[in-house]
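Q: Chains D and L are the protein sequences, given in the same order.
FYI, the numbering for the first sequence is 1 to 190, going by the working numbering.
FYI, the numbering for the second sequence is 1 to 202, going by the working numbering.
Treat the hints with care, since some could be wrong.
[Claimed, not checked] Computed list of lysine-lysine pairs in BS3-like fashion (alpha-carbon distance at most 25 Å, straight line): (1) K169(D) to K7(L); (2) K75(D) to K25(L); (3) K139(D) to K98(D); (4) K98(D) to K62(D); (5) K25(L) to K7(L); (6) K62(D) to K75(D); (7) K139(D) to K178(D); (8) K139(D) to K95(D); (9) K178(D) to K8(L); (10) K25(L) to K8(L); (11) K25(L) to K177(D); (12) K8(L) to K177(D); (13) K75(D) to K169(D); (14) K169(D) to K8(L); (15) K139(D) to K75(D); (16) K62(D) to K73(D); (17) K177(D) to K62(D); (18) K62(D) to K95(D); (19) K25(L) to K169(D); (20) K25(L) to K178(D); (21) K139(D) to K169(D); (22) K178(D) to K95(D); (23) K73(D) to K25(L); (24) K7(L) to K177(D); (25) K139(D) to K177(D); (26) K73(D) to K139(D); (27) K139(D) to K25(L); (28) K178(D) to K7(L).
Hints listed in this document are in silico derivations from the structure and should not be mistaken for laboratory results.
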Amino acid sequence: MTKPTDERTDEEILQLLQQESTFERGFRRLMARYQERLYWHIRRIVLNHEDADDVLQNTFIKVYRGIAQFEGKSKLYTWLYRIASNESISFLQSKNRKSTQALDAPGNESFRTLQADTWFDGDDLQRRLQTAVGRLPDKQRVVFNMRYFEEMPYEEMSAVLDTSVGALKASFHHAVKKIEAHIRDSAQNT
Amino acid sequence: MSINEEKKRLLDELENLSPSLHRLKVNGTDGGGPAVPPGYFDAFADRLLERLREEEGMPTAKRPPTLLRVIRPFRFTMAVAAAMALLVTAVWFMRRPAGEPPLTSETIDIRAEEVESYILDHLEDYEPELLAQHLLNEPPEKKAPSNTTPQTKPLPNQPAPAPAPQQQPAKKAKDFNFDDLSDEDLDALMRELAEDDILNML
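Next up, chain D with everything else stripped away, as it sits in the complex:
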């Protein structure tokens, strides 16, 4: 049975990354293949383009440092998503600590982040949805984004986040209810 094209391409990339003479070519191919998907995954978590750019760079630097230890036990994209998710959560936690020190509510922070982002030109509904997502706890935000925006099956999410399918379903359900309530409330207030 032949392997799917995606897996064949990942294998080629991993082969290129094994030799010093072809490493850069392999790394470029890896970035070309995954940078956009990872960017949007990160962007929906951190909301702002500048922050997403920083986190994406940090993600690929972690990949560079760890690629020699990648044993191929999981799929390449699963490993990459895991690094990107962890980097995004670390970034949010660091940002939340600063926000807490400044006695600022996390929801206000995400609202201001969206307001300040020159690369967000969504309509009012888009902005309310993103603000509601920004109010979710960090890991729940990642779960909601992967399921709602990226339409990832729970089984894949489970491999990326190393969490059981049941826990992910419960987390998503809670997130949906919170977001719905926020959108409804903000519509009544305006």
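Guided by the hints, dock chain L onto chain D, whose structure is given.
A: Below, chain L without anything else, positioned relative to chain D:
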């Protein structure tokens, strides 16, 4: 499971959980949303590799050596050497001893039979009058050329036949004794000359 099946599963799930989010997912919004600066993804790899080289000491990709890259370290030395060689050659040409004749086509050592062979191979390049004049101007000893005694003659494609009449008045064709020509020369001449030319010569 295909992407469409997964999307259907998600929409069913949303419909049960939150009709408003389900509608938002199905209908979308009026447009827009998060965007990226133009060319961001095109430039990302170069930016990141530069950062990796600076911060992580990532080696530059090894490329197979090319002749240009091999000689690149010596390019200044080679340029100076080439300039010096050019200069020495120019000085050597300009400062030849006064007694020595200048290098011209006339001073180059060319054998008579080489000239002869060249002319015969390129007869179509010559005016019949010039050709006849060249053959008529040949000294008698030219008829039996010796391989051991090279002779110098003007190059056939030089305007040599023109100055020849000034140095040595050209014989008119009528005054020429065709008996002086060898049989081969005569045959070649007769083959190449038009009938009118022969009549004019006579």
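Q: Now tell me, hint by hint, if it's right for this structure.
A: Evaluated hints:
no., hint, verdict
1, K169(D) to K7(L), "holds, 15 Å"
2, K75(D) to K25(L), "violated, 29 Å"
3, K139(D) to K98(D), "holds, 18 Å"
4, K98(D) to K62(D), "holds, 24 Å"
5, K25(L) to K7(L), "holds, 10 Å"
6, K62(D) to K75(D), "holds, 17 Å"
7, K139(D) to K178(D), "holds, 14 Å"
8, K139(D) to K95(D), "holds, 14 Å"
9, K178(D) to K8(L), "holds, 22 Å"
10, K25(L) to K8(L), "holds, 11 Å"
11, K25(L) to K177(D), "holds, 15 Å"
12, K8(L) to K177(D), "holds, 20 Å"
13, K75(D) to K169(D), "holds, 22 Å"
14, K169(D) to K8(L), "holds, 16 Å"
15, K139(D) to K75(D), "holds, 22 Å"
16, K62(D) to K73(D), "holds, 18 Å"
17, K177(D) to K62(D), "violated, 35 Å"
18, K62(D) to K95(D), "holds, 20 Å"
19, K25(L) to K169(D), "holds, 18 Å"
20, K25(L) to K178(D), "holds, 16 Å"
21, K139(D) to K169(D), "holds, 13 Å"
22, K178(D) to K95(D), "holds, 22 Å"
23, K73(D) to K25(L), "violated, 35 Å"
24, K7(L) to K177(D), "holds, 19 Å"
25, K139(D) to K177(D), "holds, 16 Å"
26, K73(D) to K139(D), "holds, 24 Å"
27, K139(D) to K25(L), "holds, 22 Å"
28, K178(D) to K7(L), "holds, 22 Å"
Figure legend: structure checked against the earlier numbered hints; hints not met, in rising order: 2, 17, 23.
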